[in-house]
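S.K.: Sequence:
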Amino acid sequence: MTCIHLLLTLVFAVSLGTPVEIQRPRGVPLTKKPFYEENKPFTCLDGSRTIPFDRVNDDYCDCKDGSDEPGTAACPNGSFHCTNAGYRPTFIPSSRINDGICDCCDTTDEYNSGAKCENTCKELGRKEREVLQKMAEITKEGFLLKQQLIEEAKKGQQEKQVKVTDMQENKKQLEEKVEALRTVKETAEQPEKEAKERHLKAWEEQKAAIRLEKDKAKMAEAFLELDDNADGFVSVSELQSHAELDPDADGTLTETEAQGLLGGTEQVDTSTFESVWTNIKEKYHSESQSEEPAPVETPPEEVREPVVDNEPYPEEDVSEEEDEDEDEEDDYHEEDDKAPPTVRTPEKSQDDEEAMPPYDAETQVLIDAAQKTRDDFEEAEKALREMEDQIRNIEKELSFDFGPNAEFTYLYSQCYELPTSEYIYRLCPFNRVSQKPKYGGSETNLGSWGSWSGPENNKYLVMKYEHGTGCWQGPNRSTTVKLTCGKETVVTSTSEPSRCEYLMEFTTPAVCQEPTNIDLSPHGHEEL
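Reading the sequence shown from the start, the letters are residues 1 to 528 in our numbering.
FYI, nobody ran anything at the bench for these hints, they're computed from the structure.
Remember, predicted model here, so these are calculated numbers, not experimental data.
Warning: the hint list may mix true and false statements.
Said to hold, decoys possible - Distance condition first, Cα-Cα at most 20 Å in a straight line; then the derived SDA-like pairs of lysine to any residue: (1) K64 - G100; (2) K487 - C500; (3) K163 - E386; (4) K193 - Q371; (5) K32 - S48; (6) K163 - I391; (7) K464 - T480; (8) K487 - P515; (9) K436 - S451; (10) K459 - C428; (11) K171 - L398; (12) K201 - S48; (13) K436 - L418; (14) K116 - D106; (15) K396 - R432; (16) K218 - A208; (17) K281 - E255; (18) K436 - C500; (19) K218 - A153; (20) K155 - K396; (21) K163 - D389; (22) K185 - T363; (23) K459 - T489; (24) K196 - K372.
Take the sequences, apply the hints, and build the full model.
M.R.: Take a look at the structure:
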């Protein structure tokens, strides 16, 4: 095969505008030209062997690294250099040489395939220069905004430092005020406490006396109910009529059990009954309680029957009552309707009796005075807590790493949203990232502020948010936020490259670097 390592002649325009011909083998970049000297043997770039120069680009692979065939497809691991004058140079795998597809914009990879390629480097270079020009303008404007942000941040930090210092001094004064008011409060509360205790003690004694009187009244009533023959004594047989007093709960109060309740005697008088009452009053059911009317919804017949059964009237009286006419029945119902209020009245009266009476005037004056000191103390204590919270929040803000020159300070306490077709994503720098369904639903935490996680040369290019809401049978959600230079502060995109791991793109002038001189000439990218 004819040797095709013929030298490629390139003509370049240099700064003086003088054309210069630089010869080198096809597919070799200018930076590696010194290794390809036509009149000298060629040494493989990996140093593995040395071959005659005429075996370079002879379509046969001699070097293991493929460096002897930069312009042919002979070596599977070789690479071809596209000069791409007017655009950016690049390398392509040598397998793409003469494959009928135009890979290099300057068409040099298809020199022997017959493919009809068009040199598009000039147009690509023009478009790239437009992009670079636009980026340069954005970078310049963004950097100017960044400088303003830095100045504002420094000013704000100084103001906050001064504010914290002033608040610390005010805090000391408030602490002293709180302690002084605490002393005043405790001093006022002591006589208040003593007066309340006196009042309560008097009321407890009064309630005990009332309960004692009530108990005596119930005891007297019970004695009269039990003394069926009104002989002034309660006998064993009379006591047996109240089966609820049965001590072994077998449903029958035997003579022996009744005698035991009476203290071993056959009968007791009113004076002796007092000791008996102590043992039976918890179980004793008064006959007057059975006469209480049933609820309104209960039919009249059911209300009357228990009343009749418990009344000590002869049988003929019961028959006469059943024979009363309808008018008399109506009169009975009217009385029955009035019964519930009669029953409820003692309950209400009992509640009133159980309620502690109002404090006397002297005690109330002490209470009002003590309450005033409590209100003053609580108001001062609340003001102290609020001031402590403010100091804590400012100190927390000042402790954040807002960048080398505090340029990210303006993002603190701000939030930025990005609506998508399904969700609304919300980024609150230095706080959290969240996701909420666009058409209703609860918010999901995609991570709370963790740290700066950019590369070593600039860690402020990436934010990491961690420990978000856990995924079903998966890890907790987390979000990586990549920051890029821009005139505006906005979330530009969001995605979920891995399950429960989100990626967010965020532009901000805070990451814009000082612009450098960029060569935007047609040959600005050329590696000759």
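S.K.: Would you mind marking each hint as holding or not holding in the structure?
M.R.: These are the hints, each one checked on the structure:
| no. | hint | result |
| --- | --- | --- |
| 1 | K64 - G100 | violated (26 Å) |
| 2 | K487 - C500 | violated (31 Å) |
| 3 | K163 - E386 | holds (15 Å) |
| 4 | K193 - Q371 | holds (12 Å) |
| 5 | K32 - S48 | holds (17 Å) |
| 6 | K163 - I391 | holds (9 Å) |
| 7 | K464 - T480 | holds (5 Å) |
| 8 | K487 - P515 | holds (14 Å) |
| 9 | K436 - S451 | violated (24 Å) |
| 10 | K459 - C428 | holds (19 Å) |
| 11 | K171 - L398 | holds (19 Å) |
| 12 | K201 - S48 | violated (109 Å) |
| 13 | K436 - L418 | holds (11 Å) |
| 14 | K116 - D106 | holds (12 Å) |
| 15 | K396 - R432 | holds (16 Å) |
| 16 | K218 - A208 | holds (15 Å) |
| 17 | K281 - E255 | holds (19 Å) |
| 18 | K436 - C500 | holds (15 Å) |
| 19 | K218 - A153 | violated (84 Å) |
| 20 | K155 - K396 | holds (17 Å) |
| 21 | K163 - D389 | holds (13 Å) |
| 22 | K185 - T363 | holds (16 Å) |
| 23 | K459 - T489 | holds (19 Å) |
| 24 | K196 - K372 | holds (17 Å) |
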